[in-house]
Each structure stands twice: as C-alpha cells, then as structure tokens.
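Undergrad: Okay, here's what each chain looks like letter by letter:
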Amino acid sequence: MRQSTLPGGGVKIMLSNLRTMWLVFLHLFHKKETIQYPEEKIKLHPRWRGRIVLTKDPDGGERCVGCYLCAVACPVDCIALQATEDENGRRYPEFFRINFSRCIFCGYCEEACPTYAIQLIPDFEMAEYNRQNLVFEKEDLLINSQGKYPGYNFYKVAGMDAGVKEKGEGDNEEPVVDIKSLLP
Amino acid sequence: MTVMQHIWIVIGVLFVLLNIAAGLIWVERRLLALWQDRLGPNRAGPLGLFIVLADTLKLFFKEDWIPPFADKKIFILAPAIVVGSVLLSFVIIPFAPNIVVADLNIGLLFFLAMSSLGVYSIVLGGWASNNKYALLGALRGASQMIAYEVFMGLSLMGVVMLTGSFNMGAIVEAQKDMWFIVTQPVGFFVFFIAGIAETHRLPFDIPEAESELIAGYHAEYSGMKFGMFFIGEYLGITLISAMMVALFFGGWLGPSFLPPLAWFALKTFFFIGVFILLRASLPRPRYDQLIEYGWKILLPVVLANLMITGAIALWMKGG
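From first to last, the protein sequence lines stand for chains A and B.
When we follow the numbering used here, the leftmost residue of the first sequence carries the number 861, and every step to the right adds one.
When we follow the numbering used here, the leftmost residue of the second sequence carries the number 523, and every step to the right adds one.
Don't read these hints as lab results, they were simulated from the structure.
Please note that the accuracy of each hint is not assured.
Unchecked claim - Partner residues are not named here, just some residues of chain A that face chain B (Cβ under 8 Å, in silico):
#1 N877
#2 T880
#3 M881
#4 V884
#5 F885
#6 H887
#7 L888
#8 H890
#9 K892
#10 T894
#11 E997
Computed from a prediction, not measured in an experiment: that's the story for all the values here.
Backbone N, C-alpha and C fix where the C-beta goes; we use that ideal spot for every residue, glycine too.
Could you build the full structure based on these sequences and the hints that come with them?
TA: If you want it as structure tokens, here you go:
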C-alpha cells in the first residue's frame, strides 16, 4: 500500500507518469469527437423520439379518430383534444393540442394510437423564446405525410362506413351478406 | 540605461505579462480540449481567441460578493498578494540581454523570497473566508509550500555553484557552452516538481482540490477577486516556465536566426504547454502522499545532487 516510499516504487510511478503524459499528448493527433452543431448535424435514427406530428392517410384525410387513447396514455398529461364527427359519421379531433413544454418524448402516445395518427419523428430543434409558443395546435401538428406507415388507411380496414368506402368494400373484407336473400 | 528606458521596460513587461496571463485562459482551454479529443472554444473570433474578452468581461460584471462572516480587510487584501508577489518575481527574469527590470546580484534569492510570499495569499484568503473548506485549503497550501520551498531552493544551488553567482544574467551567460539541463538534470527535475507544487497547479492543486474542498482557499471568492487568484495562477505558470528556461535551458541563448527575446518566449511557451499537459494527464495525489514524496524522496535526492555537484566543482577546479 505504501509503495511510494520505496525508491524502486517511486521510479516506477515516475516512469508510468511520463508514459501517461506521452499518451495524452498523442491525443493531439486523434480524431476529435466534437460535432460542430449548427453546421454539422448529428445523425438521428428513423425511430428517434422527437417532435410529435399528426399524420394523414393516403387519401389526404386525417388519421386521428379522436379516441383519446393518447391523452390517457400520456404520463404528463400534455395532450388535450376534443373529438367530433363530420356529416358521414367520420370522427376527427375538433382541436388537438400538445404542450411541448411538458412533453417528455416518451412515445407512449404513439404506442397507444390505434390508427398510426400520432407519431414521433427525429427532430429536436424546437426551442422557442416564448414558452407559449411551445403549445402546438392541430394546424401545427398536422403534416401532409403518412409518416412511418405509408399506405395505411384506418377507414379502409375499419368496418364502418364513414364516407371513405361502402360497407364490405374495405381491404381484406368480404362483401356484406344480403340478409334479405335466401341464396347462400 | 536611462530612466526612460527603465520605465519602458517595466511597462512593456507588465503589458506582455498581463496579456499572456489572460491569453493563457484560451491556450489552456484549447490545449486541454485537444488532448481530450474535443475542439474547445472556437466560436468567438478567429480560432476562438475572443473567448478571453468574453471571460474577462464576465468576470468584471459578476457580483463581487464578500460574505458577511468574512474578515473583510484581509479578504480583500489576499488576492492582491498573489498577483503582487508573482509580478515582483518577474523583476529579476532576464528576457534578453539588457531587457531585465532589475539586474539584482541576488536575483535568484529574490525570486525564492517572492515566490514564498505568495503563500500568504492562500493562507490569508483561506483564513479570512471563515469557511472550513477554505481553511483546510489554506492549511494544505501552507504545509505544501513549506515542504516544497525547501528543495526548490536547494535544487537551484547546484546551478549557483556552477555559475558562482546569484545574478540571473550571469547564470544565463554561464550556459553559453552547455545548458545546465545537461550538467544539472536532477536539479531541473526537482525544480520542475517543486515549481508545479509552488504554483499549486494540477496534479499538485491540493489547496484547491475541487473534488475534495470545492475550491479550497478561494471557495468564497467571486468576481474580479477570484479573477485575481486566477491571473495569479497563470502568472505563476509563466514565472516558473520562465525560470526553468533561464536557469536550465539557456535563457535567451539560441541560434542567431531568431532574436534572443524570441528564443526566450519560445522556450517559455514550450514549458507552459508542458504544465497544461500535466493538468490533462495526471491525477491528483493524496495529501499525505504529496508531503511524504517531498520529504522522503525529493529532499534526499536534492541533497545528494548538491553534494555531488559540489564535489565535482571542487575537483574540476583542482582544489
């Protein structure tokens, strides 16, 4: 334990110190880890959990059906919405509000969403000078894209008629049985 | 030399030194960063040089707070002592032939005396802060200084013996044929270690010891008073580097394609770099290890060096 008092041990420590200094000096020529941020962007992976968006289906309609599951799943209660229906009985949110000053980007809303409407995308550059600007309304959240699930249209596979397709005409759906006919 | 020339030299030395002390903020941060695989401050101005301005302005605008429990007069006095004593030490440094503030015939002793005075700033600062961490730092600083002051002086006596003078100019002149690093390697080695301890730089920053004592003796200081300790530390590095150059590496001597002053500055900057490299690479020893190392290894080594140098000097004289 008291190695440093021995002359031999002292010399050994000294040499190892000199070696340390040399090895640290060589770091001058190593590749630098710094990413010079505003000019040089960090590479974000496709499933990186960043800014939350509302996606649209391939027909350009809103995917969100206003089921409130995201608002329920949210651990910090940062999602607020109000569901309503159009004349065809298709549900959509009357307003949809995410308070990003509360959001913790946990992704539970995305997991809870039954229609792939709410999605987290790889974007973190959303700093604001004014805190109120972090409250995103539906027009700020809605993007003109299908996000991570292209080609998916909830009302094409859902059983109900909401003005998107006739009953029984959805994907993987059998035609409606004519209950007034005797034929099999 | 006329009086005017003297005044110009004093003003020039002060100007250059204070600028170097400020510039070392940038040098240290950049070099440390490079040795840690980072880039360091590179945004403000060319190569990030204006970080010095930003840091200085920040220090000036910080609240200059004196704790109500502190001993006010001594608290204010302490940071001035460190800068004052280090600047006074620079008086005897021969930057080039005829560029020296005071060509004292006891130059080396003056340097040793002034660098010992520097410890008062640590002790008084820690004492006046009336804070147990500060006091612990001050205590450590005092005993470290006492331990390392002893062989800092003794390590230089070999050089004095070979020169036969305490005058710094004479010591540099005596290295015309051979630098003292060749004839006094042990002396240099011990002086270097003692110099690190003297400036309480890492790895011997035991009075500060951020991870143990928060900031040690200057824990209660803020604003420009802290800045004075900071400048004092950088001036101390410059002083010890300049002394090493003057005593062991031939001072201003060098091939004539560069002026003497440039040789002196180049060598000094090399050693400043070594100081920063030390900070980047070595961990801080425990307090008892430091003191033990000083008294049990370095003191016998330096005494042996002194005796052997003396014997050889006598034998060479044919006495």
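Undergrad: State for each hint whether it applies.
TA: Do the hints match the structure? See the list:
1. N877: holds (6 Å)
2. T880: holds (5 Å)
3. M881: holds (5 Å)
4. V884: holds (4 Å)
5. F885: holds (6 Å)
6. H887: holds (5 Å)
7. L888: holds (5 Å)
8. H890: This hint holds: H890 (chain A) lies near chain B, its Cβ roughly 5 Å from the closest one there, short of 8 Å.
9. K892: holds (5 Å)
10. T894: Given a least distance of 4 Å, the restraint on T894 (chain A) holds.
11. E997: It is violated, given that the least Cβ distance between E997 (chain A) and chain B is near 36 Å, above 8 Å.
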